[in-house]
Every structure is written in C-alpha cells, then in structure tokens.
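S.K.: Put the two chains together into one complex; each comes in its own frame, and the hints tell you how they fit.
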Amino acid sequence: MANLKNLKLLTGNEAIAQGAYEAGVKIAAAYPGTPSTEILENISKYKEIYCQWSVNEKVAMEFASGSSIAGARTLVAMKHVGLNVAADPFMTLSYTGINGGLVIVFADDPGMHSSQNEQDNRYYSKFSKIPMLEPSDSQEAKDFVKEALNMSEKFDTPVIIRTTTRISHSRSMVRIGERCNSKSGNYKKNCQKYVMIPAYGRKRHKVLLERWKKLTKFAENSELNKICNPPDVSLAGDVGIITSGISYQYAREVFTNTPILKLSITSPIAKKTVKEFANGKKLLIIIEELEPFLEEQIKEANPGIKIIGKEYFPQFGELSLEILEDLYDEIFGTSLFKAISSGNTNSGNIEPEENVKVRSIPQRPPVLCAGCPHRSVFYILKKLKTIVMGDIGCYTLSVLPPLSSLDSCLCMGAGIGQALGMEKADPELKGRIVSVIGDSTFFHSGITPLIDSVYNKGSGLIIILDNRTTAMTGRQVNPGIGKTLMEETTFEEKPEVIARAAGIKNVKVVNPYNLMLLEKTIKEELKKQELSVIVSRQKCVLLDRTKSSERVYIDTDECAKCGLCLKFGCPAIEYRNNEYTINELLCTNCKVCVDICKKGAIKVGDK
Amino acid sequence: MKNNNISCNKSCSKKVDFEYHQRKWRKLIDDGSVLSVLLAGVGGQGILLTSKVLSEAAMLDGLDVKVSEVHGMAQRGGSVVGSVRMGKRVYSPVAGKADFIMSLEKLEALRYINKLKENGFIILSDVEIYPISVYSGDISYPKDINSEIENITFNYIVVKAVEMAKRLNKVRVANIILLGCLSNFIPISYKCWIESIKKNVPHNAIDVNLKAFEEGKRIIN
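Chains as they are written, first to last, in our numbering: chain H, 1 to 607; chain G, 608 to 828.
Extracted from the complex, chain G is given alone in its bound form (with noise of 0.2 Å):
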C-alpha cells in the first residue's frame, strides 16, 4: 500500500472494486433489501451526530431511513452501539446482522463483530480506548485487534482516523473521515453526502468536515 493512511487487509491491497459495492447495493436496495449500518465506539466519541449524518444523507437520497440511538446511563463512557438502516421500506430500526459496521473505536469493532454478515465489511478507526476494566481485572486490552478481526474476515479497513484528523487541526472530524470512507460503499449520491454533513455539523466547523469527509473517501481511492 503507498497509502499511509491506512492499515489495510489482504482483499483491499488488491483494491476494492467501490463500483461493484455500490451497483449491487443499489439494486438490492431496489428489490427491496435494507441495508444495515452498526455505528460502535465509546459513549462520547460522538456516535449521535455521526449516525444524524449518516441517515439524513440516505433520506436526502430518497430512502426509507430508521435509526437507532442510546442516551442515558450508557454514555458515561461506555461501550455504546447505534444503528442506521435504509431501503425503500424499513421497518425494525435495530439491525439484527449488519451489512457494515463502523467502529470509533478498535476494542468496540471487536466487540460487535459477531453482528457482522458474512460477506460484511468493518470500517474501524485506529484507536485504543482502555476501558477501566483493564486496570482493575486480570483481563488486558487485547494485542493485535487486526489479527483477531482477520479470524473472522478479511472484510475490514482500519483508518487512521485520529492522526489524520489532527493533521486538519480538528480531533473530532475523525467520524466524519471514517464516513468518507463508508461513503465509498453505500449508493448515496455525492451532493447528498455533501447535504447532511452541511446541515447536521457545527456552522464554523462545515469546510474542516468537508475536508475530512473528502480524505475519508480519498484513502481508498
């Protein structure tokens, strides 16, 4: 890989084919499948916005959209799951198994990746959040994440989402380049993308989250 942006696995250093994911979304989505996207990471990484960002773009594009959230006792820094489905017709707002799931976090990508379908793809950024738990049992945080996600598939892209976020000068646009790089697989329209990042992120933050969402979708590229 000459990109640095990423640590990728063995299917996406032959380049994954973005096209091919978005036609056949498109049509499954046409014959009326719903697709399902789990968002995973730690309360307060900012999991809320990022799925608001998410549905109100597949909306925009004319979908059936449902999404799930956590509030409460949950936040307090610990692990929290969301979902956002979309298809012309969806019903549950919980996924059962997910077509992709987008962790903030490596340990919660882990964790969550038995929701995974099989032919699946995980998007997770690059960071190692230490949950107390660590500190205080005999369990320790996991060594090679990477290693132990390719047990289960080969469908995964890890993003260095935090240092590339640092290098526009903003931690917390990390998401919204981790959604660039969702954005490559999900038959969204570009301008609805550009839409809902407008409409959802703080007014004087809108051109830094712009950037990030076009590194986002740049890495794989």
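Chain H on its own, in the form it takes in the complex (with noise of 0.2 Å):
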C-alpha cells in the first residue's frame, strides 16, 4: 500500500479551505451557492479561524473589507451571481486597497449545473482591476490561496480566487502543509485610502491604475504561468495552445505533442509572456470555457500570428475532452494545421456535442423530497390558479410537472419585487398575484422588497417558505435558525416579526403539513385588499427524520385509480401495473397525501 502520508485526495473546495489554514487566514465569510458552498463549510472545522455565514453576498464582502482593514488575512467566498449582489462594495474595494491580505472566492458555474445563469466572472477582474488568479485543480486551489494573499500584501488590492464548477467539486491530490502565522492588529487610520469621497478616490483611481501596470509585470514574471512543452514537438511545433483552468487539464490530456502555456495569473494577462511563446509558431489556439476572455486580450497583446478560438469552441456550457478531441482530429487530421502551414486558414466550425439518446429516455429532473413541506403550498397556488412570482432555492422546482406553479425565478430576492411590478402595471391582476420565497432568502434580499411593497401600497400576498434552513445548498443555518456558522448560539430572527415591524397588518403564520387550514388561509389572503404575508413554517425533511411508528398507505379496495395524488408530484407516491401505492421507503409520514385523496383511500396505519 503507498504511503500516503500528507497526502490527501480533496474536493477544489476543500483545497482552497485547506489553503486559507495554512496561510494563516484569521477571518472568513460567505453566504451559501453552489458550487462554493463547501468553502466556509470546510473552513469552519478550523478553529483558528473565525468564520461567519453573513446574510448575503455583499455583507460578506464588506465585513470581509472591514476585516483586512483591521489587519487580518481574510477570505470571503460566493458564487458567480453572489458577486452581482457584492458588486457594489467590490469595484471600489479595488480602490481602497486593503491592510491584511484579502482574497475573494468566486465560484462560475459553465454548464448551470445550479444557477440561473452562466455569466463569465473573470471580466469582474478586469472590470474592477482587481487581479486573478484561476487553479487548475486542487493542489493548486490550495496553494494559491497563498499565493494570493502575499500578492494582496505585496500590491495592496484585493485578489481574486476564480474557480469554476469542476474545479471546486472534483477531488484531486493534495499535500498537507502546516499552518503559518500571520500579522494582524495594526489598524491606522488612513481615511485617504479607506474613505472614498471623490476627492480622494480620484487620488486611489490613478493609484489603482499604477497598480495595475505593476501587476501585469508581476504577472510576466511569475512562474505561476507556466509553459508545459511535450517530449517531442516535431509533429505541432508550429502550434501552441494558450488556455487556463480546468480547460487547461482537458487540453493537456489530448493535445499530448503541443506546448501549452497554461495561465495561472489570468488577469492582468502577462502580455510579454504570451508574445514569447507565440514567437516561431504558426498557430495559437485558446482554449477557455463560455466568453473570449483570454481570446480577447491575447489578440489584443497582438503576437502577430493567426489565433484562433470562439469560431472552434462553443461560448455556453462546460468544454470536455470529447470537443477538444474533435477539434484535435479538426487540426491534425485534416485541413485545418495543413491550411495554416501554408497559410491559407478557412475551416468550418466544430458543433458542440449533443447528447446521443439511445431511445427517447424519461428525463429524471431533480425533485422536490418526499414529504418536503413546499409542495402542499404550491399544489394549493397552482389549484387556485395563483400567478406566482419565484425566487431561487428548492422550491423553484415547483416549476416542473406535476405542481408546474411558477411564473418567474429572476434572482435572489427577484420575487417580491416583481409581484409588485405586475400588480401596479396591470390592476386586473391584483387578487393574484403571489411571491414566494424561502427562509433565508428573505434574510438575504426580500426585506428590501417587503418594505418597498409597504411603502407603494403594494396588495399581494408574500409566503414565505420557512423550512428552517438553507436547503438548497446542502442545509446551512442561517439567521432564523439561532445558531451562528461556528455553532455559537445566537437570536433567532423570525420573518413575521420583521413583516409586522416593515408596516403589514396581515401577518399569518401556518403549518403546510395542514393542507385544509393552508387553503384557507391563502384564500382569506388573497381576498384582502392590502398586502399580506403568510410564513409557511415546516422544518425540512432533511434536517431530521424521526422514525414513526406509523406508516401511510393507499387502502387498494377504496383507491378509484383516478390519479389525484401523483398530481400532487411527491416521489413517494409511486403508479406501477395500474395500482397506487406509497413507497415506504422514501415515505416521511407528512400525511399531507391523506387529504389530498378525495375517496379517503389514503391511510395512516400502524407500521
């Protein structure tokens, strides 16, 4: 058996957690998104550090502002769309500059593998001149965290950490190093550099730019960007590959006889750099996932030879080993490489992949849980043939057959807003119109929106989908629960409190696992003719299943087969050789189902 001392097979998320321990990280935060998640999840087992879950993105960011100004090492962490909400804080950020060294986590997600959309993050970096450093698997996750933070020092900004999907959720090896310390408790005041009036942020903005050109040199001569030159060139020494991240791997692993240059710094891009290996080469091609990011500022740094990229990769979803090797057999294979040599360069695109099916397959979608306390809420809107503005988190599956109930899922937050948006520009919809949105959604970004709707004499109805817990993201406490991330205990915030304090008089709160008392109470709502709120308060099924004594099934002699209850879309309720039956399995005893069933064919018995 190998000896595996200090050697640890570990998620990219895992890595860069690992990273911030060793490199003396004293402070860190986040607020929970897929594929970022498991960052702070994984920071938090440290001890040494003090880190905090903040109700979103851009709290996160400024508490994590406040902490390099104290002195700390600090690492804040989001996904793509987080920095959106973080946007704000961060370009000035750039300006400011920090005391302790600061690193900012964004995870993109190529492919929506668990996000409403694929925007390409790295031009934040050159949006914000904030550098960025992007890891093509975990060791280096882990070991740019480092390497970030002495750059921050180094520079006095910011700097990013960009990972994307496959490199934040796919284990590799890592070697384990030890912690180091680092400095913290030398907070002067500076308000010239942290105070951004615009006399003085007209002063950091050149400051900034200076920076930036300093960078850049940086960036052309660190060996973070390296050149990979395969044993025996003969066959493509006239092409070279540019590419970074993951994509870097895909490239590595099928184009085996071409140089690459794998950028590890990817902004500022290290121009020189580029101009070196495109000297004596024919062809450069890059290689990048969703937008010509690279493509853009290499054709920019100008090398002088023919570069190709977009025109061969697809600007949407992830690239694989299959498109690449595709392209491969494009370049070596056939017309293209011999069009190049002699310099006529005209060959026609590559389609991306599209999955074979074998037969026409029954999609599985994700669902939501057996017993999940959101269903009952949107199999009664979806009846009462509600419009019902979404948000992001669980329940925005509600959107698939069977339930099929919502009508928008914007952004965090998006719901409550555009509830009041449809209502003021179309009057005949009012005694309609519903927003949902979960618990620590709201805690997140719908008290804005909820005072908002007060103020301009908004008449909808609000529910909130309090199942006590971040589910989406793999069940994370948040502000309502009373327990802070380092599981301290703290004040438990309720959202019908904080409705009544906003200036609304109809404030509900009800049991979904109670299907007749929740009909109720959303028909009385929507009749009213100002705003209402209704907090549908069920733990979620995940958190814990007691066992019970009892079990629900379908009484077969009593069953109509008329099929009401799989329009109820529970995964427990299963319809194999014309017969209805509960799978125990799965079953978690809500006993929503029973009144679902209008024959009463649905019981509850002893198990």
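No lab work stands behind these hints, which were simulated from the structure alone. Mixed in with the good hints, there may be bad ones.
[What the hints assert, rightly or not] For lysine-lysine, the following BS3-like pairs were computed, each having C-alpha atoms within a straight-line distance of at most 27 Å:
(1) K659(G) - K8(H)
(2) K607(H) - K773(G)
(3) K5(H) - K695(G)
(4) K773(G) - K806(G)
(5) K8(H) - K695(G)
(6) K631(G) - K695(G)
[To be verified] Each pair of labels, with its calculated beta carbon distance range:
(7) V207(H) - L656(G): 48 to 54 Å
(8) N721(G) - T484(H): 31 to 37 Å
(9) G605(H) - L655(G): 46 to 52 Å
All of these numbers come straight from a predicted model, not from anything done at the bench. Beta carbons are placed, not taken as given, at the ideal position from N, Cα and C, and that holds for glycine.
M.R.: This is the structure we're talking about:
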C-alpha cells in the first residue's frame, strides 16, 4: 500500500479551505451558493479561523473589507451570481485596497449545474482591476490562496481566485502543509485610503491604474504561468495552446504533442509571456470555457500570428474531452493544420457535442423530496390558479410538472419586487399575484422589497417558505435558526416579526402539513385589498428524520384509481401495473396526501 | 447460471476472465493509460460515498486519481453522474468515454450507456426508480432495459444488489456490493479496497460493508 502521509484527495473547495488555514487566514465569510458553499463549511472545521455566514454576499464582502482594514488575513467566498450582489463594495475595494491580505473567491458555474445563468465572472477582474488567479486542480486551489494573499499584501489590492464547478467539485491529490503565522491588529487611521469621497477617490483611481501596470509586470515574471513542452514537438511545433483552469486539464490530455502555455494569473494578462510563447509559431489555439476572455486580450497583445478560439469552441456550457478531441482531429487530421502551414485558413466550425439518445429515455429532473413542506403550498397555488413570482431555492423546482406553479425566477429576492411591478402594470391581476421566497432568501434580499411593497401600497400575498434551513445548498444555518456557523447560540430572527415591524397588518403563520388550513388561509389573504404575509413554517425533511410508528398507505379496495394523488408530485407515491402505492422507504409520514385523496383511500395505520 | 444473485449476459455465462481484465489493465496503466469509471444513479443513492471508496482505494494503491462529483440542485432526486479516473498521471477529472459504467439504477445505466467505450463493461443494480416524468408525461419507464442494453453491448452484468443488501439487513450497502463486483475488473490490490472501505464508511457499519464487498466480489467468481 502506498504511504499517503500528508497526501489527501480533496475537492477544490476543501483545498481552498486548507489553503486558507495554511496561509494564516484569520477571518472568513460567505453566503452559501453552489458550487462555492463547501469552502466556508470546511473552513469552519479549523478552530483557528473565525468564520461566518453573512446574510448575503454584499454584507460578506463589506465584512471582509473591515476585517482586512483591521489587519487580518481574510477570505470571502461566493458563487458567480453572488458577486453581482456584492459588486458595489467589490468595485470600490479596488480603490481602497487592503491592510491584511484579502482574497475573494468566486465560483463560476459553466453548464449551469445549479445556477440561473452562466455569466463569465472573469470580466469582473478586468472591470475592477483586481487581479485574478485560476487554479486548475485542488493542489493549485490550495497553493493559490497563499499566493493570492502574498500578492494582496505586496500590491495593496484584494486578489481574486476564480474557480469553476469542475474545480470546486473535483477531487485530486493535495499535499498538506502546516499553518503559518500572519500578523494582525495593526490598524491605522488612513482616511485618504479608506474614505472614498470624490477627492480621495480620484487619487486612488490613479493609484490603482499604476498598480495594474505593476501587476502586469509581476504576471509576466511570475512562475505561476507555466509552459508545458511535450517531449516530441516535431508534429506540432508550429502550434501553441494557451489555456487556464479546468480547460488546461482537457487540453493537456488531448493535445499531447503541442506546447501549452498555462496561465494561472489570467488577469492582468502577461502580454510579454504570450508574445514570447507565440514566437516561432504559426498558430495559437485559445482554449477556454464561456466568453473569449483570454482570446480578446491575447489578440489585443497582438503576437503577430493566427489566433483561433471561439470560432471553434462553444460560447456556452462546459468544454469536455470530446469537444477537444474533435478539434484535435480537425487540426491534425484534416485541413486546418495544413491550411495554416500554407497560410490559408478557412475551416468549418465544430458543433458542440449533443447527447446521443439511445431511445427516448424518460427525463429525471431533480424534484422536491418526499415530505417536502413546500409541496403543499405549490399544490394549492396551482389549484387556485394564482400567478406565482418565485425565487431561488429548492422551491424553484415547483416549476416542473406536475406542480407547474411558478411564473418567474430571476434572482435572489426578485419575486416580491416583481409581484409589485405586475400589479402596478395591470391592476386586473390584483388578487391573483403571489410571491414566494425561502427563509434564508428572505434574510438575503427579501426584506428591502418587502418594505418597498409596504411603502408603495402593494396589495399582493407574500409567502415566506420557512423550512428552518438553507436547504438547496446543503442545509446551512441562517439568521432564523438561532445558531451561527461557529455553532454559537444567537438571536433567532422571525420573518413574521420583521413583516409586522415593516408595517404589514395581515401576517399569519401556518404549518403547510395542514393542507386544509393552508388552503383556507391562502384564500382569505388573497381576497384582502392590502399586503399580506403568510409564513409557511415546517422543518425541511432532510434536517432530521424522526422514526414514526405509523405508516401511510393506499387502501387498494377504496382506491378509485383517479390519479389525483400523482398530481401532488410526491416521489413516494408510485404507480405501477395499474396500482397506486406508497413507497415506505421514501415516505416521511407527512400525511398531506391523506387530505389530497378525495375517496379517503390514503390511510394512516400502524407499521 | 447457478448463482441467482445476478442475471447475466451471454458473455458472462461463459464466465468472465477477471484475471485477464486485471492483467490487461495493469499493463495499460503502466503504459500511461487512464482507467475511467462512470458512476450513475439517482440523487440520494450515495454516489459520493461510493466514488470516495473507489478513488481512495486507487490512491492507496499508488495511482494518481481524479474524481468529479455532483453537488447542489441535481442531488434532489435527479439523474446524477460522476466519474473516477485513475492512472500514472491523470489530467481531466471528468471522463470522456468510460471503460466502466457502474449504475445504481437501471434507467440511469441506459441514459449514460452512450458514454461507454467500445469494449467497456457496464455493471448495474437491478433497481427501478420511476422518475416523476413517467407519471405526468406520455413517456413510460422502459420495459426491458436489459435487452435495450444488449442492443448496444453484451458486456454487462446486472446485480441484484438491493436484494442482497436486504439479506445483510442493510439496504445502504448495495453500492458496496456493486463495488465488490467492479473490483474484479480493476487492478487495485485487495488490501487497498479493504482499507478504503474501513476509512470511508460509518464506523458502526464497517463489518457489514466489508461483508457486502466480499459478496459483491464473489457473485461472478
């Protein structure tokens, strides 16, 4: 057996947490968001680091800025769209710079495994002039935290580490090291640096432009950008690849005979390094996911040779070995390479791979769990033919059949504002518009639109789906739980108290497992001419499954085989061989389906 | 077949020569090839733990390993696929075409079969979990998945893993039974498998998992 001393198989997120530990990070904050969530969850295992879930990414960013000003090495993490929320402090942080090293991690999600868009956050680096590192495996994910903090302190700037889902959620081997000490507690008042009034801001803008030039030089001399020359380049000496992140791994595996420039500092781009690499070659292939971020800048650097990129690779989704293999064949197997060699380039595009269907296979999209407390809310909202302005969370899954109840899902916190907009634009819709939002999402960005709806005399119904956790990202605590990430007891925020304090008179709390009461309450509140809030409160079934001595079953003698129970969309209710049954392994005994069946055929009995 | 724990394909009824497979793969890996295993199933079936046991066993055997996992939204009862790749040096964590597919559910085996290499092997659990789409749409759960697979390859083994796990009084060990079956093909030494299982399964379930692994290993020997 191999001796695995100090070697661990870590995900990128676990490796970033380990990197934070080793680099002497003292403070860390985040708001959960796939694929970034596990960074803070893993940091919380190190007692040496204070860490917290902030209510949203903007607050996390501001918190991190304060911690850095006070002198501590700090890490803040979020998913790509989280940076949109945090963009305001982020952009000006570039002006103020730091005191203690500050690393900002954001995790993009090409392919949208668990996101509402696949924006390419690399542009945020160029936009803000905050430098960016991109690891290509877990070892680099760990090492780059320290590199980023050193850069941060050297150049007085926050530094970005950008990952993608395949870096965050892939495991590879990492050599573990010791924690190093970092200084802290050296705060000095410096209003010209930290108070961004226009007069000081103008000065800082010049400072950051100068800094960007220095960072470009740094990138050009950095050993983080590496050239991998294959042992035998006779086949492809005329061609070079420039790539970064996960794309590097695909390129390295497929283009075994081609020199590769792997950029780890992808912004600012090391122009001189690119030019030197291009020297003597006839063709540069830029391999990157999503936007032509590197390609645009490499073309701008003008190395004087043919550059190809997005005309061969999709501008959406993820790259894969297959896509690169196709390009490889195109270049070395057929006309393109010869055409380049003879100076005539005009080749066709490669279509991104489509999934070949063996037969028509039933889709298996994610679904709300058996016993999910959200289900009954959406069952009733559909039944009442309401317009449902949704939000981001597990409950977004209610858009799919058979519940099919959502009308919109834009971003976190959007539903409440959208509902008000609809009602103002078309008063005919009044009495039919409902917005739904989760507990964690409510604290994240639901409170401001709630106040806006009161202020601007909205009349809709807002349902807060309080399942006592941040469920979709893996059940993190939030301000409503009364526990912090560090497992301290804290004040338990109540959405109903906040709603009343905001000036809403009609506030009710209902247990969604009580289907009759829930329906009655929703109907009553919809009728009202003023704003209402219903807090639908029931613990997420994944939190703890208490064993029950009862079981829910379908009495086959009384079952009319009408299929109504299937419209509830609970995965525990099954239909096979013309028979309706309840799968005991999945059923959580929520008993809501007992009220759904009109014949009374769904019964509760002993185990 | 005298063993009724598996329903086997034609080539398997002649008895698969595992030593040949192991020898072949050891040589290929020595020559720089990467062995890719695709793990398919339904969110919540325990793919993460299964891929952890497999990948750490390979790591203990001195191989470079990369794993690609699925977290987040897709886990909610959706179709989930991950991969474990091993070799002297592995670059991509995501497999292109796979040498082995191990599926914890029958329909998912069919869904990803186009990812199987020409001479690849597919090991699947004899479990049918109906997706909601078969209730609300006009599409039905395929009736005879085995014969659909046979249209594509004879290199498949169906393991009645859940039945076997129930006999061990622990349904959750079905995945380890499948791993036991897969272990016959893969050049990882026995003690590394055992060590990885001990390391990764819950403490109070080590014995039953080791037993499950043995049973899985035996079913086609």
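S.K.: Now tell me, hint by hint, if it's right for this structure.
M.R.: Each hint tested on the structure:
Only pairs whose Cα atoms come within 27 Å are accepted, and K659(G) paired with K8(H) is accepted, the gap being roughly 12 Å. Among the hinted pairs, K607(H) with K773(G) is consistent with the structure: their alpha-carbon atoms are about 18 Å apart, no more than 27 Å. At roughly 19 Å between alpha-carbon atoms, K5(H) and K695(G) fall within 27 Å of each other, so this suggested pair holds. The straight-line distance between the Cα atoms of K773(G) and K806(G) is roughly 23 Å, inside the 27 Å bound, and the hint therefore holds.
A distance of roughly 17 Å separates the Cα atoms of K8(H) and K695(G); the hinted pair therefore holds under the 27 Å criterion. Note on K631(G) and K695(G): the hinted pairing holds, with a Cα-Cα distance of about 15 Å set against a maximum of 27 Å. Separation of V207(H) from L656(G) is about 51 Å and conforms to the stated range, judged on CB atoms against 48 to 54 Å. Taking the beta carbon of each, N721(G) and T484(H) are about 47 Å apart, not inside 31 to 37 Å as hinted.
Range check, G605(H) to L655(G): about 35 Å between beta-carbon atoms, so the 46 to 52 Å window is missed.
The structure does not agree with the numbered hints 8 and 9 stated previously, though it agrees with the rest.
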